[in-house]
Each structure stands twice: as C-alpha cells, then as structure tokens.
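Student: Input sequences plus hints: build the corresponding full structure.
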Amino acid sequence: MEAQSRYLRHTLIDWFSQDEVARTKVAVIGAGAVGNEVLKCLALLGAGHIDIYDFDRIEVHNLTRSVLFRETDIGKNKAACAAERLKDLDPNINVRAFPGDFWRTLDLTAFGSYAAVICCVDNFEARIRLNFLCKLWGVNLINTGIDSRHAVIDTFPFAREPDASCYECTLPASVYQRMSQRYSCGGLKKMAFIEKRIPTTVITASLAGSLAASQALRLGAPAHKGSRRIFADSITGASTASDLPSREDCPVCAQIKAPVQISRVRASSRAELAPLARSNAPEAGEVTLPEPVIVSYQCKACGQGEGQDKPLLWRAADHDASLANCKACAGEGAVDIQIRDKLPLTVLAEAARLPVPFVMTASDWGTHVFVF
Amino acid sequence: MTDVKFIIRTADQTRKAEVEMDRTNQGADIVQAAVDNWALPTDTDYSLVNVTTGKALVPSQLLDENYVRPGDILEVQPVLVAG
Amino acid sequence: MRWQDQTEAPALPSAAAFLTRLGVLDSVRLTQRGNTSPRVVITADCLEAISFHLAKARTEMGGLLLGRAYAGLNGQADAQILVAARSVPSQAFDSTNVSLRMEAEVWTAARPFLDKGDIVLGWYHSHPDLGAFFSDTDRTTQRAFFRQPYSLGIVIDPVRQEMKAYLGPDSAPIPAENVMVYEGHP
Numbered sequence: 019m020e021a022q023s024r025y026l027r028h029t030l031i032d033w034f035s036q037d038e039v040a041r042t043k044v045a046v047i048g049a050g051a052v053g054n055e056v057l058k059c060l061a062l063l064g065a066g067h068i069d070i071y072d073f074d075r076i077e078v079h080n081l082t083r084s085v086l087f088r089e090t091d092i093g094k095n096k097a098a099c100a101a102e103r104l105k106d107l108d109p110n111i112n113v114r115a116f117p118g119d120f121w122r123t124l125d126l127t128a129f130g131s132y133a134a135v136i137c138c139v140d141n142f143e144a145r146i147r148l149n150f151l152c153k154l155w156g157v158n159l160i161n162t163g164i165d166s167r168h169a170v171i172d173t174f175p176f177a178r179e180p181d182a183s184c185y186e187c188t189l190p191a192s193v194y195q196r197m198s199q200r201y202s203c204g205g206l207k208k209m210a211f212i213e214k215r216i217p218t219t220v221i222t223a224s225l226a227g228s229l230a231a232s233q234a235l236r237l238g239a240p241a242h243k244g245s246r247r248i249f250a251d252s253i254t255g256a257s258t259a260s261d262l263p264s265r266e267d268c269p270v271c272a273q274i275k276a277p278v279q280i281s282r283v284r285a286s287s288r289a290e291l292a293p294l295a296r297s298n299a300p301e302a303g304e305v306t307l308p309e310p311v312i313v314s315y316q317c318k319a320c321g322q323g324e325g326q327d328k329p330l331l332w333r334a335a336d337h338d339a340s341l342a343n344c345k346a347c348a349g350e351g352a353v354d355i356q357i358r359d360k361l362p363l364t365v366l367a368e369a370a371r372l373p374v375p376f377v378m379t380a381s382d383w384g385t386h387v388f389v390f
Numbered sequence: 062m063t064d065v066k067f068i069i070r071t072a073d074q075t076r077k078a079e080v081e082m083d084r085t086n087q088g089a090d091i092v093q094a095a096v097d098n099w100a101l102p103t104d105t106d107y108s109l110v111n112v113t114t115g116k117a118l119v120p121s122q123l124l125d126e127n128y129v130r131p132g133d134i135l136e137v138q139p140v141l142v143a144g
Numbered sequence: 083m084r085w086q087d088q089t090e091a092p093a094l095p096s097a098a099a100f101l102t103r104l105g106v107l108d109s110v111r112l113t114q115r116g117n118t119s120p121r122v123v124i125t126a127d128c129l130e131a132i133s134f135h136l137a138k139a140r141t142e143m144g145g146l147l148l149g150r151a152y153a154g155l156n157g158q159a160d161a162q163i164l165v166a167a168r169s170v171p172s173q174a175f176d177s178t179n180v181s182l183r184m185e186a187e188v189w190t191a192a193r194p195f196l197d198k199g200d201i202v203l204g205w206y207h208s209h210p211d212l213g214a215f216f217s218d219t220d221r222t223t224q225r226a227f228f229r230q231p232y233s234l235g236i237v238i239d240p241v242r243q244e245m246k247a248y249l250g251p252d253s254a255p256i257p258a259e260n261v262m263v264y265e266g267h268p
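Residue numbers (this note's numbering), protein chains in the order written: chain A, 19 to 390; chain G, 62 to 144; chain B, 83 to 268.
Hint data in this document are derived by calculation from the structure and do not stem from the laboratory. These figures come from a predicted structure and were not determined experimentally. It cannot be assumed that every hint is accurate.
[As the list claims (entries may be wrong)] Residues on chain G that point at chain A, a partial pick, calculated with CB under 8 Å:
1) Y107
2) S108
3) G115
4) A117
5) E136
6) V142
7) A143
Every residue, glycine too, gets a C-beta built ideally from N, C-alpha and C.
Tutor: Now the structure itself:
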C-alpha cells in the first residue's frame, strides 16, 4: 500500500506534518499498559523510528491493558512482541526491540539521537535513572504514570532547555524514604520485599498513552517554556496543567553543571594508562559513577573478605543483603560492605574493567561524561 | 509570623478544605496535613500544585507570596508510579 | 596600501573526537583540574626532539610546533586541548622585536604534515640559563606571528631544565599542571 494514501487524512490537518513525524526517532521504555498505548499511537501516526525497551515477559493479567498482546503471546518478551505488532500496524515505520534491562541495552553513544524518550515504566528507580540520563544527555523526556483513576504526563524539554527542571526537582521526600525501604546498605536489595501492586485499567493507560505520544511529537515545535505536568482524572474529565519548578538542592540538577560534554572513551586497562603517565597531573581527583558499586567487604568477626588490596567493583544492584552474612563464619550481618558511587582516580587506574556504562567528572568548564 | 488562607483539595476533588497556615510552612507540610486530616492512603506519595497559578510546588518550598496567595486553590496530587 | 587581513581562523575539531582515542583515565586527567586554561599535550617524541635540538648550543634557538587544536569541551569554539605532535627545528633562528627569522626550509619541512591536517600550533625556543619565561620580545613575536587564539608558545631553559607555555596573541601563561606529556601518538 502506498504510504501517501495511508496518511492522506493526516495531511488534511494543517498543523500536522507527516514528514516531520516520519523523521522522528523515539525510545519507549517499558511496553506495559501505558507503553502499549504510546506505541499504538506512535505507530498509527506513522512515527518513523521507534525503539522499544523492556526486560519483562507477557503474563495473562497483562492482557486486559495491552492492545498489542494476545493470549498466544504469553511468555514472550514484551518489547519483541510489541515490535512485531507495530510492524503489522504500519509496515512503513522502523521498529526495533531491545529485550533486557534498558540500563544495559541502551546504546549510550546513540542516545542523543532520540527526539524524545517516553518513560512508561512502573517504578521510581527506573524513572529516576531515565531522568538522570535524559538530563545529562540533553534528550527530551516524557514521563508517564497511572493509577486506576488518574494519568500523569510530565514533559521535560531538555534538548531545547538543558536547565529545565527535572523529574526529581518535584519528587517528594517520601518517595526516597519508600525506595530506601527496599534497599539496605545503600544499594543492596532486601531479600524479601513484596512490591505493592497498583491496579490500573486500559482507560487510564490509554489516556496517558495518547497524551504522552502527543507531547513527544510536539517537542520539536516551539511551545510552552519549561517542564510541565498534565494531571488528568479519567472519571470527571478534569485535568490540570502545571509548570514544574526547579529545586535548588535537586540531587540531579545540583551535580550536573552545563555544558555537558559527552565523549566516548576506552574503558581503561593498565596498558592504556601509560600515555599521560609522565604528566605532572594531580591524581587526587575522583569520578562519579551513575550507580553504586561494591568496592570491598570484610567480616567484622572472622576477618574474611575481598577487595582490600584490589577493589572489587561489583554493581551493587547485582547483589542483595545476603552479602552481609558471612559465609566463612556464618555470622549474620557481620560483614562490613563498602559501597561507593565515587571512585578516586587511583582506583580507576587499577580497574581493568568498570561495571558501569559511563563515568562523570566536573571541571571548571562543565560536566564531562565518558562513555565506554 | 504571617498566616495565609487558601483552599486545598484532592485531585479527584472529593475533599476540599479552607486552610490557614503560617507562611514559614513548606509544601511538604501541607501535603502531610492533608494526608493526616483526610486519612489519605499512606502507601502513596503526593505532590502539590497551585492550580490557580498553574505551578507545582517543590516539596521544600516555603509558602511565601510568590507561590501561594490568599484564596489560591492548592491540589494534592498522587505521584503515579504504575505504567 | 592598507592591508587588513580578515582570514577567519579555521573551525577546530571536537575535543570529544580526541578523547575517543584515549582511555578513560587519561580523559579524566585531561579534563579534570581547577582552571579553564587549555590543556597542552606534548608527545614524548616531540618533547625529546625539542630537547635534543635545544641542547645542541648555548645560544637562543627555536622552531615550529605542529599539531592539532580541539574545542567544544565548554560548549564554545575556542581551543581547550592543544596537541603538539611534532616540531620543526630551525637552523637559523633570530628573534628580535621586529622580526622572527627562520629559514624557508622550515616551512618546506612542515608542509607534508600540514597537508595531512596538522596545523602550525605555535613555536618553541630556548633561553639558555636565562630561565623559562616570555620576554617582551617574545610577547611581541607571539603577537605578530602566532596570533591565533590557540597559538602556543613554549620556552625552555635547557640549562636550568625549565619549561613554560603561553597561549594566544596576549601570551597568557598556561599553568604548569596543564602541560602533559603523552607517550606514543594520540
């Protein structure tokens, strides 16, 4: 079928540019209830390039809110299945699926090419992480959220306004307290934590999905200045649009100093450290990691441990609180675990391989991001 | 010590109250008062929006005249986490 | 005739492109320090060639510095990383208030590298047992002949083993910790 006749009705809308939509490249993180609706809208509108990220598999209870999934899809990866369905919806568009944790599967060297990232995840940790990436990379972010009645769509125009307020600027302190309940020792997951399940329906999912797609496709146009939140009530139809102010002590904005310069570098190994070794550069500095790492642990009772001579550099997220129980002397909670999100340059020199996708430093020029 | 009188309501507009508060209070204090007085679910987080001015309030924001004027309507909105 | 040269300085390549060739530690070393003066990277080969040349005689000698200048680390177009990759020694070197004399062969020797994309980054010269500093004459020379914002002037005292670097038409001193030696060829 010829693409031109497919989009004929769109071309009759005087403020709608099909060409521009076809050029747009977006990332949709999370192909759950909201993700399905966002993807459906983007595909039907003819958005040219859609990348879908999700680690999760389709379960039977997803089917009431997932227009793209069928009963026969149960067990399939959500991103891969959604991508297949979108190609059915419109063969003219380019769709790619990235199964797995987006933190691992995102190509950070190409991250800056997205016109918008649409966040359709179901937890604060992933939102905070995406917000951090988008703020740092200067990529527009649309955040979505739903419950059984309301939908929220936050627009952060970081590409045009790098100083725009971010998701964490208005995040209440109670969210951090809630998140800390799930973790002990600053980053290790608690062993038995039961996630609260929030019931939702396709009503709020489709409300959030259509508004998010609309916002994402409008970001290229000069529009409202600053970050903005739409909060909609699916029962009364009432909605409020509000400006999102910046917070001076925002944990994200305070550590990112414009301009941000992103460079791809090689992860260091000893051989590659030599070049500037003869310089009289001070080695007292440190780099900031985008996630905490375990540098060492040691049992306070029996002394058994690792990382005292050579730092371990394990992602804290890969471990849970059972690490605090000593395997050698069976001492419960006896192990002292050192977790860091900053590393001195001397440690960086010893690290053959870093478990994080990038590190950051600050200079008098601004913020430098080194992507591996 | 100056007080400011304003309207506070929930996002679904089922709860509404007139509140008088010292301007040295923070946005988070209003949210806490709403959660306590209306027994809102404590497993949810809330943010605050001045719907009269169309501006959200950061949690640590003091209720000074630039942000909350007498008679303004403030809405307590749940922070939505499902997706 | 009144000649007002209006040739614009060439747009400099992105510093990110240079950092890509380094490991993360060197990238951090290059960017992380408490000033906004450019970082000067001299290849060890270049530094050794200069030292070898300047140790030959106890008279003032010098030559050209070739290499690359990179920009963009601060979101601006001015140079933030200068890479001095090679030197072209001058056999006849005479710097006075009114002239800098190097023989034509210097340019002939520089040409192949310039054709490959190097630029004339600046110049180097010696102050045997006088201390490494820019004299008024040196400043005048820098202003007259090495007038690009990225122009680098390096002065070395081979006797006292001192080195100083200066930048641009105003001969702004570059902090010593900004000058780094690179083993190999970036």
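Student: Next, verify each hint and record whether it holds.
Tutor: Outcome of the hint check:
1. A hinted interface residue such as G:Y107 counts as satisfied when its beta carbon comes closer than 8 Å to some beta carbon of chain A; here the least separation is about 6 Å, so the hint holds.
2. Interface hint status for G:S108: upheld, as the beta-carbon distance to the closest one in chain A is roughly 6 Å, under 8 Å.
3. A distance limit of 8 Å between C-beta atoms decides the matter here; for G:G115 the minimum to chain A is near 5 Å, and the interface restraint holds.
4. The interface hint given for G:A117 is met, as the beta carbon of that residue sits about 5 Å from the closest beta carbon of chain A, less than 8 Å.
5. At its closest, the beta carbon of G:E136 sits 6 Å from a beta carbon of chain A; the interface hint therefore holds under the 8 Å criterion.
6. Contact between G:V142 and chain A, as hinted, is supported at the beta carbon level, the nearest pair being about 6 Å apart and thus within 8 Å.
7. Hint status for G:A143: holds, given a least beta-carbon distance of 4 Å to chain A, under 8 Å.
Comparing the model with each earlier hint shows no violations; every hint is respected.
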